[in-house]
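Engineer: Add chain B to chain A, keeping to what the hints say.
Here the protein sequences come in this chain order: A and B.
Taken in order, the first sequence gives residues 263 to 827; the numbers are from the numbering used here.
Taken in order, the second sequence gives residues 3 to 151; the numbers are from the numbering used here.
Looking from chain B toward chain A, a few residues come up when the C-beta cut is under 10 Å (computed):
no., residue
1, C16
2, H17
3, Q18
4, E20
5, L21
6, E33
7, A35
8, G36
9, A37
10, I38
11, E40
12, P44
13, V45
14, P46
15, V133
16, P135
Derived DSBU-like pairs (lysine-lysine); straight-line CA-CA distance at most 35 Å:
no., chain 1, residue 1, chain 2, residue 2
17, B, K11, A, K328
18, A, K801, B, K118
19, A, K801, B, K32
20, A, K778, B, K32
21, A, K778, B, K114
22, A, K801, B, K12
23, B, K7, A, K650
24, A, K813, B, K32
25, A, K807, B, K32
26, B, K118, A, K328
27, B, K32, A, K328
28, A, K269, B, K32
29, B, K12, A, K350
30, B, K12, A, K650
31, A, K328, B, K12
32, A, K650, B, K53
33, A, K778, B, K53
34, A, K801, B, K53
35, A, K807, A, K778
36, A, K269, B, K12
37, A, K281, A, K509
38, B, K7, A, K328
39, A, K577, A, K372
FYI, nobody ran anything at the bench for these hints, they're computed from the structure.
Positions of the beta carbon are idealized from the N, C-alpha and C atoms, including for glycine.
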Amino acid sequence: MEFIQRKTADRAVNHFLLKAADQEITVAWDRFEGQLPECGFCESGLSCRDCLQGPCISHPFRNQSKLGVCGKDKDILAAQSLLRLVLKGTMSYLDQLNDFADGVQAGSVKPADKKQAEKALNAIAGLMQTGNSEVIDEFPAALVEGWKTAGISPRGIANDIFKASQRLEGGISDMEETLLWSFKTALLGCMADRLQNRLKAAVFGDTSVSELEVNLGILKKDVPTILFYGPVSPLLKQKVAKTAQAKNVSVMGVCTDPLLPPYRFFPVTTYVSQEIPLMTGAVDLIVTGNQFVNPSLAEVARDWKVTVVPADGLKQSSDPDALAQKIVAQAEHAFEMRQNITRDIPMVKESAVMGYSAADVDIKKIVAALDAGKIKGIAILAGSNNVKYTQDEVLVTIAKQFLANDILCISEGEASVSLAKYRLLDPARRDKDCGAGVNELLDALGDNLPSVIDWRLTDFLLALAATGDKALSDYPMCAYFPEANRSAEVTKAMWTVAMGVSTYFWPCLPVTGSAKTQQALEDFCRDKFGASLHVVTQKIDARTKAGLFLKTIDAPATMSGKSWE
Amino acid sequence: MQVIKVDPKKCTGCHQCELWCGTEIASLAKELAGAIQEEPQPVPRVYVEGKNLALQCRHCVEAPCLDACPNGTMRRDPQTELVYVHEPTCIACWMCVMVCPFGIINPSPTYKVAIKCDRCRNMGYPICAEVCPTQAITVEPRQDYRKVF
Chain A
263 MEFIQRKTAD RAVNHFLLKA ADQEITVAWD RFEGQLPECG FCESGLSCRD
313 CLQGPCISHP FRNQSKLGVC GKDKDILAAQ SLLRLVLKGT MSYLDQLNDF
363 ADGVQAGSVK PADKKQAEKA LNAIAGLMQT GNSEVIDEFP AALVEGWKTA
413 GISPRGIAND IFKASQRLEG GISDMEETLL WSFKTALLGC MADRLQNRLK
463 AAVFGDTSVS ELEVNLGILK KDVPTILFYG PVSPLLKQKV AKTAQAKNVS
513 VMGVCTDPLL PPYRFFPVTT YVSQEIPLMT GAVDLIVTGN QFVNPSLAEV
563 ARDWKVTVVP ADGLKQSSDP DALAQKIVAQ AEHAFEMRQN ITRDIPMVKE
613 SAVMGYSAAD VDIKKIVAAL DAGKIKGIAI LAGSNNVKYT QDEVLVTIAK
663 QFLANDILCI SEGEASVSLA KYRLLDPARR DKDCGAGVNE LLDALGDNLP
713 SVIDWRLTDF LLALAATGDK ALSDYPMCAY FPEANRSAEV TKAMWTVAMG
763 VSTYFWPCLP VTGSAKTQQA LEDFCRDKFG ASLHVVTQKI DARTKAGLFL
813 KTIDAPATMS GKSWE
Chain B
3 MQVIKVDPKK CTGCHQCELW CGTEIASLAK ELAGAIQEEP QPVPRVYVEG
53 KNLALQCRHC VEAPCLDACP NGTMRRDPQT ELVYVHEPTC IACWMCVMVC
103 PFGIINPSPT YKVAIKCDRC RNMGYPICAE VCPTQAITVE PRQDYRKVF
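Just chain A, with the same shape it has in the complex:
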């Protein structure tokens, strides 16, 4: 099946795509075309293979085959498809947290603040085992009360993950309850993410605002280069960075946290083009985590003679010191052996400022600007890339559209890296992007702020909730995941909604097979949390996508009194 669309907006990536096409190297976009048309039942959440009587489908166009063998109808199938994603996403946060906490407990590192580290470890143990973790106290009391009333306040792995996963095994629970289980599970992921950050701050010190460089141009010709792929244990990252610094080895990252005090891991590219850095020939060794890492890397690494070291595995050493020494030594050796490989590094790199927090930005000024009408609202941009969309195009167009319309933009993670590639995180470029209101606010907030502020989503929301006198759902605010793809992002979108921030998510979540489930994510969620998870099925361009939020802000206030009927 033919699929015609520009692959990427990133000119550095485009250069290598042409090269890959010449040399008949298969990249993610080619494999995507090979998969078309993708299964319509799976795409719309109307299939199930939870037991061996299936796989079952609910046929949308026939009057038979509407129910699975066990009797699941389309509403339950769609709600369970979402739950399955959220479960996987939450487990990815728990896995990262568990690895990190294990390392700290084993004494692999001396925490910067021992007392705080112990407190965080206790909270983690509470979350993992009994569910009585004090991390929930960081959230506004009214929000937590609402979660308790809805029955979705997280109560630890045994009470959330185990129980939620059993919804897929059988039992009688309706679509709304299945959705609530998804939210409960997602909130557990949120707690895990919070604790991971707390532990990181306690062990390595607070993350400060840092200047970074992004895109393929940052790769180096004359020194051995190590790339971290995906979220890897901060302990291993720190040890590798420390050893590498002493031996003049460069360490960078793809889809990994770029800031780990005192080290910085410059982001080389974003998710969908993760094979491209290897094709430059300027990477000698990669350390791979699990989430966000495509198995296709192994094949490309073989072609370009890049050493691959998995960060964990059944046969991998669990001692981060020994592993770090081994990684750096292997990188040096690989650099010597790869002297005959041309290092083709495009001259494309941008500088960016990342890592803002409540300590750097006075959030009261943001609230005041909102109240005074200087800015119209706040948009949070998150999520990585998806091969279904032109890489970065939707995200960047939406951000520019918002900034021009006086919407303050906050971004995090992979979305920040994508935006940084187009200088939206570069303070020098700010005036060209922003409307007068946003410009004035950014000037008031600090000396050198970029157009888009890189700030962790949950940190920002909690800081805003603590400062303002309103619930989060009462602010003109929304979150956008315009090019998302991983289950961890679905989990994040779900907890954002549970915190009271309406969220737009692309591509369509696998709930479109059931009009009732899709509607419940709008209406039912608005009743419970004051926010909706919008699943937009129409094919619309990036400007129209940005317009969805702008339209809700500009809409006239609803009139009181009886409706016309």
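Structural biologist: Chain B in isolation, oriented as in the chain A frame:
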């Protein structure tokens, strides 16, 4: 004459042909997510029978539906030899439904017309053959069996 050939050995019964036929040909939305939620429910022109046989119109050389149609609604395209329903004149008598030896003509109670596969005669290539993941559905010239036997 180009007709659709179905190889039961390759058909896995995945119903993708039905799904995409229902979306591309039968729905108003022309997009899966919109088509699924459409009322009345779109009616695909192809049916997967049992576990491994996609059935659609054979465009018979001597088509009983053409003979049974009382007012010439069922027609044969002189150029492509494909049999199709001229919907504006259909009187919903369902004679064609009764005489079809393969049972592939479907009465639409909502629109009061007979619904059948026209091998996507207004498109470049039939959608069922395009989306079939195992290439069980292909478009091939009709074999002249009289010559074979």
